[in-house]
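Protein chains: 2
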Amino acid sequence: MSDGPDFSLADVAREGLIEPSGAEPANHDGTGRVDLAFTIHSLAEGGAEVPPTQRGVRVPPGVTVFDAASWNGIAIDSTCGGHGTCHKCKIRVEGGQVPITRHDVRTFNSEQIAQGWRLGCLVQATRNLAVEVPPLTTRPKAATVGIGRQVILRPAVQKRYVELQEATLADQRTDLARLTDAIDDLELTADLHVLRRLSTVLREADFKVTAVIVDEDLIDVEPGDTSAHRYAIAFDLGTTTVVGTLLDVGTGTPLAVTSMLNKQQPFGGDVITRISATMMDKDTLGRLQEAAGATLAELAGQVCRQAGIDPAQVYEVAIAGNATMTALALGIDPEPLGVAPFVMTSAQPPSVLAAELGLTLHPRARAFFFPALGAYVGGDIVAGMLATGMDRDKRTRLFIDVGTNCEIVLSDGDTILSTAAPAGPAFEGGAIRCGMRAADGAIEVIKLDPTALGDEPAVTLGVIGDVEPRGLCGSGLVDAVAELVRVGLLDSSGRMVPDESAKEIAPALADRLAKIGEERVFLLHRPTPETEPAECVYLSQRDVRELQFAKAAISTGWTLLLEQLGLEHRDVQQVQLAGSFGSYLSTASAVRNGLVPKLTVLRIVAAGNVAGEGAKMALLSVRERAGARPLLE
Amino acid sequence: MSDGPDFSLADVAREGLIEPSGAEPANHDGTGRVDLAFTIHSLAEGGAEVPPTQRGVRVPPGVTVFDAASWNGIAIDSTCGGHGTCHKCKIRVEGGQVPITRHDVRTFNSEQIAQGWRLGCLVQATRNLAVEVPPLTTRPKAATVGIGRQVILRPAVQKRYVELQEATLADQRTDLARLTDAIDDLELTADLHVLRRLSTVLREADFKVTAVIVDEDLIDVEPGDTSAHRYAIAFDLGTTTVVGTLLDVGTGTPLAVTSMLNKQQPFGGDVITRISATMMDKDTLGRLQEAAGATLAELAGQVCRQAGIDPAQVYEVAIAGNATMTALALGIDPEPLGVAPFVMTSAQPPSVLAAELGLTLHPRARAFFFPALGAYVGGDIVAGMLATGMDRDKRTRLFIDVGTNCEIVLSDGDTILSTAAPAGPAFEGGAIRCGMRAADGAIEVIKLDPTALGDEPAVTLGVIGDVEPRGLCGSGLVDAVAELVRVGLLDSSGRMVPDESAKEIAPALADRLAKIGEERVFLLHRPTPETEPAECVYLSQRDVRELQFAKAAISTGWTLLLEQLGLEHRDVQQVQLAGSFGSYLSTASAVRNGLVPKLTVLRIVAAGNVAGEGAKMALLSVRERAGARPLLE
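Top line first, the protein sequences correspond to chains L and Y. According to the working numbering, the first sequence is numbered sequentially starting from 1. According to the working numbering, the second sequence is numbered sequentially starting from 1001.
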C-alpha cells in the first residue's frame, strides 16, 4: 500500500496528526474510494436513548473519520478542532485493524481499545469501515468546522428567554423597553415585524418569552422558552452544484447536508455562458435569479425535512458563491463581470432577507453573502480562506478550488496571493462526450492492467452507487487520463497512440481503442464485446484535450503565483484541493496529470467543501465572519 | 375694533412683532375670519416670468400674511424666520391701509410704501386683503417653518450629481466604490434595490449620474443631473383630519397642501372607539391599517398632481400622529393603548419604507414617524413642540392642541410638562346634532344681537364657502355657546333659560328657542319662519353639555399643569392653540368659554397645524429631527 520512497511515517508525524505507535498505520496511495458505514446513537430530550440511525458515506482514502462525518452532517463530540487534544471525539470502529495512537492509549483502557474505541480525528479512513458514534455528551461551547478550525460559538443568531414583570400604572414602560431592559448587554433594534407581534405575544405568554436576535436586530419574540431551537443554513452556491448544510447554531452541530444541481444549469454550464444569456435577453436575469432562489429553497426544504425541524426556526443563512453566482442570486446585473474591464457592482453584497431570495424560513431570517476579492475571486474563495485558516497559518500552502472556474490561492505565511483560472466544465462532467456529474452510475475510479491475462480484468471501474456505468464524472476523467498515460496509451502530448503501438504496449487493452466517426476513443465500459463504440462509456481524444486545457489553465495559475513569491514546487508544504470535485479527486492522478505541483500525495489533502465550511463558520461565529473583512484589504 | 382696556399698543410691542409707528395698527377682537386673496408671481427655469396664479385663503384675524401664506403652501422669500430682520418677505398689499413699521421704512422707499409694499411677516391680517407675492429671488439655504422657526436646510434627502471616470483594466474599482469615492463626505450604504440598477444606469448615462441619498443610505442612482428635483411629504395624521404638505426639500418651499377626512372614520370617531373595534374583531386592525394607508396615499397623489411633480421623486415622508394613529398606520396592535395601564408597544416607531404603508412614491422612499412621550401624548405633540420651539423658548407658554384627544403642554422655560384630555369629538363636529367638519356650508362664526329691531339681523352667521348653511363646525359650536352666554340665553350652568325669561332678556332672539322632541334647541339658521325646527341648523341643549364636557377636560388639564409648576393664569405669557380646529377657533369665544386661561386675546395665538409644521421641520432638517429625541428624556 506504500507509495514508495516518497512516503515515510515521519511525513505523517510532521503533519502533526499521528504519533508513531506500535501498529503501523495503514496508508493509502491516493486513489480509489472508501465506504464508511456510520451507526449514530443519540438521546431524546429527557436523556433516554433512541434507536440508532444508519448512514453510509463514501470518501477519498486518507480522510479522517471525524472529517468524513463532519462533511456529511454527522455530529461527533469535539472541542479541540481535531488535534487529538480534547479526547472527546470517541468512536468505535467495528472489527477494525485500526492503528492505536498515543492519544488513544491515554483516553481508553485496554478493553475499550480492544473493542475498537478510538479518537475519530486520528483515524484515517484507508479502507471500508463500520463506525459507531456515541450520543453527544455536551452542548459544546465550541465547534470544529472548516479544515480543523476550532471555533468558539458566538453565532449572530441568539435567543434569550426572559420572564418579565407585567406593566402596571406605576410602571408604564413600553413593551419594547420592558424587553430590552431585560437584555441590557445588547443594543437591540426592533423592526416592524416584531413590533406588530410584540404586545400580543407578551400578553398571551404571560410575559414569558424568548427574544430572537440576529446581530443586534430583534427579529421576533416567541412565546415561552424556545432557546434550544435556533438553526441556520450554510450554502455553497456553486455554478454547477449547490450544497446546503443545516446547523444547530446553539451547539455548532450539523443536522443535515444535501446537494443538488444548480437550477441555472439550463442557461449554460459556466458563468460566462450565463452572463451572455442575460445580455441576449433582458428577462433572463430575472429567470436566473428565480432559478438560484428555487435551488436554495429546495435545498432548505430538504435539510429541514431530513432533520425534522420547523423551517420557521431557521433565522439566518450564509451563502458562499463566486461573484457571478452572488450577483445572479441577488438579481444584480452580471454584465460588467463578463466583459473587460471585469468589474463588480459591489464587493460587499447588501444585507437582505432570506425571503427576498425566495426562501421560506423565518420571515425575517437574514441572508449573509460573503464579500468578494474580485470579479473572478469571489465570496466562495473568501469563505474557503476562512475555512482553511489561511490567514492564520504560517506554512506555505496552496489552495486550489477545482471547478468550472478554478480559484487558486497561495500563502507563504505572510503574503496571500490569489488568481482565477477558467478551467471550463470538464471537471464537473461538462463538455466531455460521456460526461456526467458525480451521481449514481458515474465512473469515478479507473485502474488499467495493460498485461492482464485470461479472466483477469484489464479495466477495473469504481462506479458511484455500484450500478451499471452510465458516464464519466470529473474524478473519473482525471483518473482515466492518468491511467492511460501511465500505461502508455496516451503519449506525452496527450495523443492516443496508433493501434499498432497499442498492441505492443498494452496487449490486454488494445481492443478498447476504437473510432467514433473520425475521432479516436478509449472504451471504458463495453457491456459486451459486440456493443457499438457509440453505445459504450468512453473517453475521447477531444475529452483528453479538454482536460489538458483545464490543467493548463490551473497549472499556469499556480506557477505564476509561485513565481511571484519566488518559490519552487518543493517549497509548498501543503496543497489543499477544495470544491465538491477537488475533494473527491484522486490525489495520485492529480499529481500525475500535473494539476498540482509534484509532491508526495500525503501533502495533498482533500479539503472538502471549503466554501460551505466557511459559510458554516460565518454562521457559528461573528468573530470569524468579521475575519472575512481583512482578507479584502 | 379695540377689545377695551385689555388691549394696548404696548402689548403688541411686547410681543416683539410690531414697532409703534405713525399709523396705528388695526387690531382685532379675536372673532370672525378674514379673506386673503393672493396673486402669486413666479419665474420659469430660464428666469422668464410666467402668468401669476390666484389663491384665496381664509384665516382668523391677527395671523400674519406670511404665516397665512405659509400654512397654505404659498412660498414667500424669508431667511430670518419672521422676525422682521432679513427684510426679504416682501409683499404688496393692494389698496391696503396697512400699518407701516420701522422695518418697512428701512426696506422700501416712500414710493414703494405708497404702492403698498410691506414685509409680510409684520402685516397682521385684520381685515380682508389682496396681496401680491413677488417671485422667489433665491433658493434659500434656510426656510421658515413651524411657529416662526428658522431652519437651516439640511434635509435627510440629498442628491449629488457626479461625473465619474469609466472603469479600465488599470482601475477595476467596483461600480459602487467608484460612486462612493466621489461622495467621500458621507459613509454611504447601498441597498439591494440600488445595486440592481447601478451598473446599468452608470453605463447608460455615461457615468454621469445623480445619487439619491436618505440619511446615509444610497437609495437610488438616476441618469444625468436630477439634483433640482427632490421632494418629500409631511403628514399630520389626525384622528379625524389628515393633512399632507408636499415640500421641495432643496429650497424648503411648500408646493401643495391638501387635507381630507381620515378613512378610518367609519370605524369610530375617536381613538378609543377604534381601539375597541380592533378588540372586537381581529381583522379590524388590518382594515384600519389599510384605511390609514389609503388616506395617506390619496393625499400624496393629490399634492403631487397639484404641484405637477412625479411621485417617484418623493423620497421621504414624515408622519406626525398620536400614539394610536401611529400604531394603526403601522399595523401594530393598539389594544394596550386602550386599556389600563395604557402602555405603548414602542415609543420609537421602527424605520419603514413608505411603500410598506401603501404609498406609491419612490419605491425606497423612507417613512419617518415621530416618537411619542406616552400613550396619550404622541408623536403629533412631539412634532408640535418641535414646531413651536417650546424646548428653546424661555417664556411661560401653554400649548393646547384642540381636537378629539386634546394634548396640553406647559413650559416655564425650564420645565416642560404635558398631559392629555379626552375632549371627545365635539370640536370636530362629532356628537353634535347638527355637527359637521369645517367644510363648505359649515357655520364657523356667529354674532347675536338680542335687541335687533326691524330689518336688523338678530343672528349673523359666517359660513364657510359663503353658501347656504348646512351644519355647525367646531369653531361655530364654541362661538354659538359663547354668544348665547354673552346675551344671557344660557345661564351660568349652561342651561337654556325658560321661554319667559328669554323674551325679557333677548326679545329679538326668543323665537329662536324651540323644542325638538323633549330637547330644547336654539335655531341658528331657519330658512323661513315656518321651517320645522328639525329642518333648521340648530344648537341643542345636549350639544352645550358636550362642549361643557370637553371644556372641563381641557381646563382641568391645564389647571393641573399650572398648579404643578405653582403658576397662576396671569403668569402665562402665551397660549398657542393648535390643531386644524384650534387654529380656527375664535380666541375671544375660547376665553369666554373657559377653554383657555383668562388672558387678553392677543396673548392667545393660532399656531396653525403644528404637528404638520413639525413634520415639515423634520423633513427639512436632520438637526431639528434629532431635537425630537431629547424631548423624550
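Everything labelled a hint here was simulated from the structure, so no lab data went into it. Incorrect hints may have been included.
[Unchecked claim] The list that follows gives simulated cross-link-like pairs (lysine-lysine, PhoX-like), each with its CA atoms no further than 25 Å apart:
hint	chain 1	residue 1	chain 2	residue 2
1	L	K447	L	K515
2	L	K394	L	K208
3	Y	K1515	Y	K1447
4	L	K208	Y	K1515
5	L	K282	Y	K1208
6	L	K263	L	K282
On a predicted model such as this, the values are computed, not experimentally measured, just so you know.
For the pair we were handed, K1515 of chain Y and K1447 of chain Y, check the Cα-Cα distance against 25 Å.
Answer holds: K1515 of chain Y to K1447 of chain Y is near 22 Å, not above 25 Å.
Check the hint pairing K263 of chain L with K282 of chain L against an upper bound of 25 Å on the C-alpha distance.
This hinted pair holds, its Cα atoms lying about 19 Å apart.
For the pair supplied as a hint, K208 of chain L and K1515 of chain Y, confirm whether the alpha-carbon distance does not exceed 25 Å.
60 Å, violated
Within 25 Å, alpha carbon to alpha carbon, are K282 of chain L and K1208 of chain Y?
Distance ~23 Å between K282 of chain L and K1208 of chain Y Cα, so the pair holds.
Taken at face value, is the distance from the CA of K515 of chain L to the CA of K447 of chain L at most 25 Å?
Satisfied, since the Cα-Cα distance of roughly 22 Å is no more than 25 Å.
Are the Cα atoms of K394 of chain L and K208 of chain L separated by 25 Å or less?
50 Å, violated
This entry does not satisfy hints 2 and 4, going by the numbered hints stated previously.
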